[in-house]
Structures are given as structure tokens and as C-alpha cells.
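Let chain U serve as the given structure and place chain R with the ligands on it in line with the hints.
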Amino acid sequence: MSDIANKILFLPERASTFAERVDVLHYFVVGTTMVMSAGVGLAALFFFFRFRRRVPNQTTEYVVPDLKTEFLFVSVPLVFFLVWFAIGFRDFTWVTTPPKDAMDVYVMGKQWMWKFAYPEGPNGVNVLHVPANRPVRLLITSRDVLHSFYVPAFRIKMDALPGRYTQVWFEATKPGTYQVLCTEYCGLSHSKMLAEVVVLAPEDFEEWLKEQQRGRLQGRQDALADTSLVPPVARMAEQGEKLTATQGCLKCHTVDGAPHVGPTFLGMYDRQEKLADGQTIRVDEAYITQSMMDPGAHLVVGYQNVMPTYQGKLQGPETAAIVEYIKTLRTANVREVSSEGPAYDPIQ
Amino acid sequence: MTPSSSPTAEGVLPGHDDAGGHDGHHHHPNYLVDGTTVKSWLLTIDHKRIGLMFLASVLFFFLIGGVFALAVRVELLTPGPTVMDAMTYNRAFTLHGLIMIFLFMIPAIPAAFGNFMLPLMLGAKDVAFPRLNLASFYIYVTGALLMIWGMLNGGLDTGWTFYTPYSTHTTTTVAPVLFGAFVIGFSSIATGLNFIVTVHTMRAPGITWFKLPLFVWAIYATSCIQVLATPVIGLLTLLVVGENLFSFGLFDPARGGDPVLFQHLFWFYSHPAVYIMVLPAFGVMSEVVAAFSRKNIFGYRAVAYSSLGIAFVGFFAWGHHMFVSGQSTFDAGIFGVLTMLVGVFTAIKVFNWVGTVYKGAVDFRTPFAYFCGFLFFTVFGGMTGIAVGTVSLDMPWHDTYFVVAHFHFIMVGATLMAFLAAFHYWFPKMFGRMYHEGWGLVSAALIILGFNATFIPQFLLGNYGMPRRYYEYPARFQALNVASTAGATLLAFGFVIVAIYLTYALFYGRASGKNPWRSKGYEWLSESPPPTHNFVGPQPTFPEEPHYYVAPKKDEVKDV
Ligand code: HEM
Ligand SMILES: [Cu+2]
Numbered sequence: 267m268s269d270i271a272n273k274i275l276f277l278p279e280r281a282s283t284f285a286e287r288v289d290v291l292h293y294f295v296v297g298t299t300m301v302m303s304a305g306v307g308l309a310a311l312f313f314f315f316r317f318r319r320r321v322p323n324q325t326t327e328y329v330v331p332d333l334k335t336e337f338l339f340v341s342v343p344l345v346f347f348l349v350w351f352a353i354g355f356r357d358f359t360w361v362t363t364p365p366k367d368a369m370d371v372y373v374m375g376k377q378w379m380w381k382f383a384y385p386e387g388p389n390g391v392n393v394l395h396v397p398a399n400r401p402v403r404l405l406i407t408s409r410d411v412l413h414s415f416y417v418p419a420f421r422i423k424m425d426a427l428p429g430r431y432t433q434v435w436f437e438a439t440k441p442g443t444y445q446v447l448c449t450e451y452c453g454l455s456h457s458k459m460l461a462e463v464v465v466l467a468p469e470d471f472e473e474w475l476k477e478q479q480r481g482r483l484q485g486r487q488d489a490l491a492d493t494s495l496v497p498p499v500a501r502m503a504e505q506g507e508k509l510t511a512t513q514g515c516l517k518c519h520t521v522d523g524a525p526h527v528g529p530t531f532l533g534m535y536d537r538q539e540k541l542a543d544g545q546t547i548r549v550d551e552a553y554i555t556q557s558m559m560d561p562g563a564h565l566v567v568g569y570q571n572v573m574p575t576y577q578g579k580l581q582g583p584e585t586a587a588i589v590e591y592i593k594t595l596r597t598a599n600v601r602e603v604s605s606e607g608p609a610y611d612p613i614q
Numbered sequence: 014m015t016p017s018s019s020p021t022a023e024g025v026l027p028g029h030d031d032a033g034g035h036d037g038h039h040h041h042p043n044y045l046v047d048g049t050t051v052k053s054w055l056l057t058i059d060h061k062r063i064g065l066m067f068l069a070s071v072l073f074f075f076l077i078g079g080v081f082a083l084a085v086r087v088e089l090l091t092p093g094p095t096v097m098d099a100m101t102y103n104r105a106f107t108l109h110g111l112i113m114i115f116l117f118m119i120p121a122i123p124a125a126f127g128n129f130m131l132p133l134m135l136g137a138k139d140v141a142f143p144r145l146n147l148a149s150f151y152i153y154v155t156g157a158l159l160m161i162w163g164m165l166n167g168g169l170d171t172g173w174t175f176y177t178p179y180s181t182h183t184t185t186t187v188a189p190v191l192f193g194a195f196v197i198g199f200s201s202i203a204t205g206l207n208f209i210v211t212v213h214t215m216r217a218p219g220i221t222w223f224k225l226p227l228f229v230w231a232i233y234a235t236s237c238i239q240v241l242a243t244p245v246i247g248l249l250t251l252l253v254v255g256e257n258l259f260s261f262g263l264f265d266p267a268r269g270g271d272p273v274l275f276q277h278l279f280w281f282y283s284h285p286a287v288y289i290m291v292l293p294a295f296g297v298m299s300e301v302v303a304a305f306s307r308k309n310i311f312g313y314r315a316v317a318y319s320s321l322g323i324a325f326v327g328f329f330a331w332g333h334h335m336f337v338s339g340q341s342t343f344d345a346g347i348f349g350v351l352t353m354l355v356g357v358f359t360a361i362k363v364f365n366w367v368g369t370v371y372k373g374a375v376d377f378r379t380p381f382a383y384f385c386g387f388l389f390f391t392v393f394g395g396m397t398g399i400a401v402g403t404v405s406l407d408m409p410w411h412d413t414y415f416v417v418a419h420f421h422f423i424m425v426g427a428t429l430m431a432f433l434a435a436f437h438y439w440f441p442k443m444f445g446r447m448y449h450e451g452w453g454l455v456s457a458a459l460i461i462l463g464f465n466a467t468f469i470p471q472f473l474l475g476n477y478g479m480p481r482r483y484y485e486y487p488a489r490f491q492a493l494n495v496a497s498t499a500g501a502t503l504l505a506f507g508f509v510i511v512a513i514y515l516t517y518a519l520f521y522g523r524a525s526g527k528n529p530w531r532s533k534g535y536e537w538l539s540e541s542p543p544p545t546h547n548f549v550g551p552q553p554t555f556p557e558e559p560h561y562y563v564a565p566k567k568d569e570v571k572d573v
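The listed protein sequences derive, respectively, from chains U and R. If you count the first sequence from 1, you need to add 266 to reach this note's numbering. If you count the second sequence from 1, you need to add 13 to reach this note's numbering.
Same shape as in the complex, but just chain U (with noise of 0.2 Å):
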């Protein structure tokens, strides 16, 4: 049945656990929608029928409506489209908030090809590998312009902006080769920007890890027993461990749970922190960037604001290196275990 409906829509396959959500309700609101022009297209026709003109001077009656008539006339759309939108924002909801035990990988835009890096893993561009019946959490930035990230299959999409992060998630429901498109108008090949999200069977996939980080080994192995200057592909972690010594930031903020002139990055990531302002938010990836890009944006309580901003020092993937490296300090007391339902916050 809603494989004819697809068919006769031209929806793409049915991929993620999201599509099933949004298919159906496409149905519902393209259904009425359907209806609703035909019904006025209809009885527009039968009125230009039934009164036609006979003489051409007729007088007409001179009809108003009651106010009930002009009630229904408001009410019974705005029911619908009420009705639409609880739908709707409910599942957007869902899909704005990630389960907590969803596995990250970071996206990045770039004129014009996709780069995906995963914390603990490999790189790679415009092929995206993904297990099957898990959720996967996509970190989006841009390293030059704007950049959407659409996968039709899966239903997702969002935008990628240089210097902040945006997040999404899908859960992919079988194995197979989905494509990616750019839908934000990018420049000259932004009709290219495509790339391929491969979905597969848990196994597999882990299979696969195993293959890439022999691969990574082998490679650094490489290196050192060769003599050239050619750096190792080093992680993320690591990467950033180097980037926080370089770039000043441990001048300011320590590593070890001592406060400094900043914030310790020891079990920062996760942590609530209070605001100067009153509120509290919680530490999550987009706030990280935002306190390195913006760092004044929100200010936590018993510090100054004397942080530089690292707008347009920190290339994209740099930001998401030290925020990896930030990740992996973690206290004791940061849960491991999977959630039941949405933790994070939406970004921003």
C-alpha cells in the first residue's frame, strides 16, 4: 500500500527509522491537501454551472454569510493545520535529539566534496560508512561557505556552516548505498557535492573499523620505519591534544581539574555549567565551539572575558579536533551507559 503511495509520489526508499515518521505523515497532509483542491476546484464548478448567467443585466440575491458559516471557514483548516503541525514538531523534535548513545561522526562541507572523520577512527571523503540499526549522530560544519547535507533516503537534512556545528541523527534501517546531496546553493559545482552514505550490517561495519585502523597502523608503522617528515595520520585526540598546546589554549585553561584563568578541561564535556548570567547549559559540542569562536557568548559564572576568539584561526576540523580531545577527559562520574531517550540538547 505505501509502496504504491511512494511509487505514485516518487519518494525514494524508505532507509532510517525517521522516514517511516515522515512518509506517513506526508501521506496525511498531501492526502488532504489533494482533497481540499479538488473539493474547492469542484464545487467552483458545479456553482459556475449551476448559476450561470441568463440575461445579461440578471440581478443577483444578495447573500452573506452567518457568522457560524465564517467559524467553520476558520476553524475546520486551522484544526488541520494545528493537527500538522503537533505531528510534525514532534517529530522534528525527535530528530533534532539525539539519543545519548548514538555514535558521532563529524561532517564537514567543503567547496565541493563531504569529509566525515570519525573520533576514534579513520577519515575519509564522500563515502560515508555507517552501521545498520544503530543511531549515528552527524557533527555538520562548513569549512568555506554554506552546505546542506540531505540524504533523501534517510529524510534528513542540515545545513553546514563555517565556524559552528549543527547536529542530526538517523538511525539506518537496512544495508545498502545511499546518495548525499548538497541542497544549499554552494557555487560553481555545487551540483557535484554528492557522496554515498554505505549502511552496513553491524558486523560488518565493525569488520570494516577493524580494517581501517590496521590500515591507520600499518601506515604509521610506515612512517617511522621510514625516515621521511611524512606525519602520521594522527587521531582526532591526539590532533587536538598538540592543536590546545600550540594554539595558547593551556596557557589558560588546565588539563588536570585546577581552575586557571579559564575553566579546567578535565570533565568538562557533559557537565552542567552554571552562566554568568543565571542559567545553565549544558557542555555539549556545539557549546565548545561557540566558546572558542564566541567565547563571551555565555560567559561561566567567577570568570572574566578575556578569552581571544579562534574565529578564522581554527580551520573545521582543528575545532573538532580539540573538541575530541576535550571529550576524552572525562571524570569518573561522566555516564557510559546508554540512554532510553534524548540527552542532549538541541544545538543552540
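Please keep in mind that the hints were generated in silico from the structure rather than gathered at the bench. Check each hint, because a few of them may be wrong.
[Stated by the list, open to error] Chain U residues, not near chain R, derived (Cβ > 12 Å throughout):
| # | residue |
| --- | --- |
| 1 | Val391 |
| 2 | His395 |
| 3 | Asp470 |
[Said to hold, decoys possible] A short, non-exhaustive set of chain R residues, derived as facing chain U with CB atoms under 10 Å:
| # | residue |
| --- | --- |
| 4 | Thr177 |
| 5 | Pro189 |
| 6 | Pro266 |
| 7 | Met335 |
| 8 | Gly368 |
| 9 | His411 |
| 10 | Pro565 |
A virtual CB, placed ideally from N, CA and C, is assigned to each residue, including glycine.
Just chain R with the ligands, lined up with the frame of chain U:
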């Protein structure tokens, strides 16, 4: 050549014929012949001549925009390169969008037909500030020339939305075009102000607020939006020009700026701008449906108030263009709900238009045919707008062809239908001549068909996942693209027919007489074409509601 339905009026100057049955006012020449030098046109302060000059200009730009539309459609016939390279394509869709929006749709109905009809509908001699009116035309021309100069010298490839940081980094010539848009904004504001003051101060005795023709209500609501929203895009374009030329860094994250701020400012104008385009269309259609079904408007007050309602909530819905821009989920919810309200106001109008036909006396003429097309485009286009306003559904649809189809249905479909209906309905009023009804109906059918054939495949393309602004596309999208291009050809063909028979009618059309539709709209009380100061003799008074087609009581004698 198209045959005129009656060859009799050959050579008769409009205004010099008395087919309307009134004693002709031979010593009050109509506005078309009162002064025939080029100067008398270019320096005129007669709102009707200014309206015609606007009309000629917007038609010219519609032609150019249409040529670019066809170029875009032809390029998309095949998945790979077809007739142009990527850069040319990116410029072509940008120019198409820019010209159609800023130079055609925004001024089309208010500046051309609004200028012409508003004073007539108010029983006024002219608009409140005739010289400002003329200035507004030249500001528009100046802005248009600037834009075109920029497009010819470098061209730009940002899309009409100019999203930063792309628009501040691209090597194409953004600055003059944006500056042109800035200048045109002043024209929009001046016209809007002029209309607001005119409606407030120049209504003839008897025309109370609730006796205003609905076209006037619509233009009034539109003018309010123009005056309030246009300054925002004005400032924004200046800021982007500054960013582009002097690297301000307001919207560029590499300099500490925020690209999303640009989007907020942009849509704060451009969302209401959609209503600048469709509200006048709604106004025209209220007039047309009443005139051709000879009925009072079913829920006059509801239709009038809903224009104001749309104008008002239209200001608070801009965020629905940004559901996936990193905006918070909470914001998305707020903008989502507000978007639904716009839909409700539009629904009121639709139901009342259909209600107007109920118990009417329908004469199915060309303008009425456009009304039918309009109803369909408005309902389908409007409802798909609600659909994309449904946040979870917008996630897959955003920036795909579904959105392109949606906004063409509502903005272009509705506006174009109204523009053509207005043109046909008021053609005899403006020129005193009739066009050929048969060709009118045939081309209306072609245009409505062609429009559907162009954009229905685009809805499906969007469902299928094709992003907008794509020069090349995966092969699976081809069939629907070919269908759309075929539809566009049909559509273009329809326009060519209209252009031919209307041009013919302009010179050789049968004299129409004063009021060929026997309409009770106030504008028909003056001669067709009207004399220079609209009404001859003492100031007219307007005892009845507009569109009051009720049988007169026995003792009152009425002429129609
Ligand atoms: C023959 C009729 C038309 C055809 C075939 C046509 C085709 C198209 C196409 C294919 C696009 C998408 C370009 C892209 O995003 O890659 C487009 C965009 C657009 N069209 Fe049209 N169009 C037509 C008429 C109009 C009219 C009459 C208007 C306005 C009065 C209009 C306004 C726009 C606007 C504003 C855009 C967005 C431009 C952008 O994406 O930057 N179009 N049109
Ligand atoms: Cu892109």
C-alpha cells in the same frame, strides 16, 4: 493575424466613440490622447500614464525573465551539460529569479494596475503625491538599469537570495546588482506611502472604509508591508555591498560574523515580500469574481480583514525558511505555528470567493477563466506551503524542487493569473478597446495547462530528492525534468498568443464602450478610457457598495 471579433471600430480613436451610450465629452480628451509628445508621457504626473509606463516596463522584464526561465529549463533537459556551462547556468537562474522578483512581480500589480485603478476606485482625481509617483517610476528605472548593468558586467551567481558568505566571496559582480535592489526599494516605499495617504485622504464622499473595493483593501495592506519591510532589505543589501567591497565581516564567520544573521534579516523582508506579490493578486481576484458572477462579495469584511491579518502575521513567519539552518528546535516550533495562521487567513479568502459564485450569475469570460486557474493554484500552492511549514516534512523538502514548485504555484501562479485577469478585465477600461474573446479563452487554457505541466513534475522531483539550483543531476531525475520543460514550452506558447492578440486589440480592437462587463466596480463609473482628471463634472459620489448587483426596488430607476 488574429481576427478581431468585430472590424467596425477601425480607425476610431478610443474616447471618441460613444458606444457606452453616454453623451460623449468630446472636449475632455481621454488620457491617452491628451498630449501625444514623448515629453508629455515621460514627464506626466497623471497616475494613469505612470501606471501604463510601469506596465510596459514590467512586461518588458517579464519577457527577459521568461527568456532566462526557458534557458534554465532547456539546460535541465539532460542530466549533464546541455546548452551552457555551469557558470552560465548559475547566472541564468540567478538573473531569472532576480528579474522576476524585483523587477516583475513586486511592482507588477501594485505599480501598474494599482496606480491606474486606485484613484478611479476612490473617485479621486489622482494619487496624493503625483510628483512622488513619477519619481517612484524613475527610481525603479534607475535601479533596474543598475541591476542590469551589473548583470552584463560580470553577472552574479548567488541566486536571488544572496546567501552569505557565498555572496561576499564570489568573484562575480554582486555589488552593483545589490545596489540596484537597494534603489528599487525606494521606489517600492514611495509607491506604498503614496497609496496609503491616498486611501486615507482622497476617498470621494460616500466611500467609507467598508465601501472600499476589495482591490483597494488589498493594495492598502500591501503598501503597509512595503513601507515596513522594504527598509530592512535596503539596509541588508547595503551591508552586503559593504561586506563585499570593504570586508565589514558582519556575516562572514572568518571575521567573526554570522551568516545566519544574514538569513534572518533577508527573510524578515523576503517572507513578507511574498505577500507584497500575492495580496494584490487576491485583490484583483475579488474584483473579478464579483464582476463576472454579478454578485456582492460573500464575506466582504472577512476578505478585507484577512488581508490585514496576512500582512500582520506575515511578519512573524520568516523563520520557516530556516528550519534546517541550525536554528533551535524551539524557534522552529514558534515559526511553524505562525505559518499555520497565514494559511488560515488565506483559507478564509478562498472560501469566500467560492461563496461569491454561489447564487451568482456567472459569465465565463477570459478573466473568469484566470480566476479558475487562480483558485486551483492558490489552494494547491497554499496548502503545499502549509505542508512545507510542517517542520518535520520540511526537513526533506527544504531547498529541493518541491519548494521551487510550491513557490511558483502560490507566488507566480496566483500572481500571474491575477496579472493576466487584471489585464483582460481592465483592458477596455485602459484602452477603450476589446480583445478577441475566443483567443483569450484558448490562451488562458493553454497557460493554465502549461503552468501545471511545468510545476507538477517539479513537486514530484522534490519528493524524489532533486535539490534546486543544480546544473547537473543524477540520471534518475531526467524524465520529470523533460516533462517540466515540455510544460514550460506550452506555457511560453500561451504567452506568445496573448501578446499577439492584445497587441492587435490595442490598435485594431473593437471599441469597448464605457463598461463592457456591466460591472459595478467604481472604476467603471468614469469613461473608458478615462479623461485626464478621471471624472468630468462635479465630484462623483458613491452611494452603494461596490459590486452591488441586487435588483433595484420598483421606484428606483437605474441604468447600468
Ligand atoms: C515559463 C515559466 C517559468 C519557468 C519554466 C521557470 C523555471 C524555473 C526554474 C527551473 C527555477 C529553478 C532554478 C534553480 O533553483 O535551479 C526557477 C526559479 C525561480 N523562478 Fe521561475 N520559472 C518560470 C516562471 C517564473 C516566473 C513567472 C517567476 C516570477 C514571476 C519566477 C520566479 C522564480 C524565482 C524567484 C526562482 C528562484 C530563483 C533562485 O532559485 O534563485 N519563475 N524557475
Ligand atoms: Cu554545497
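>> Please list, smallest to largest, the hint numbers that this structure does not respect.
In response: 5
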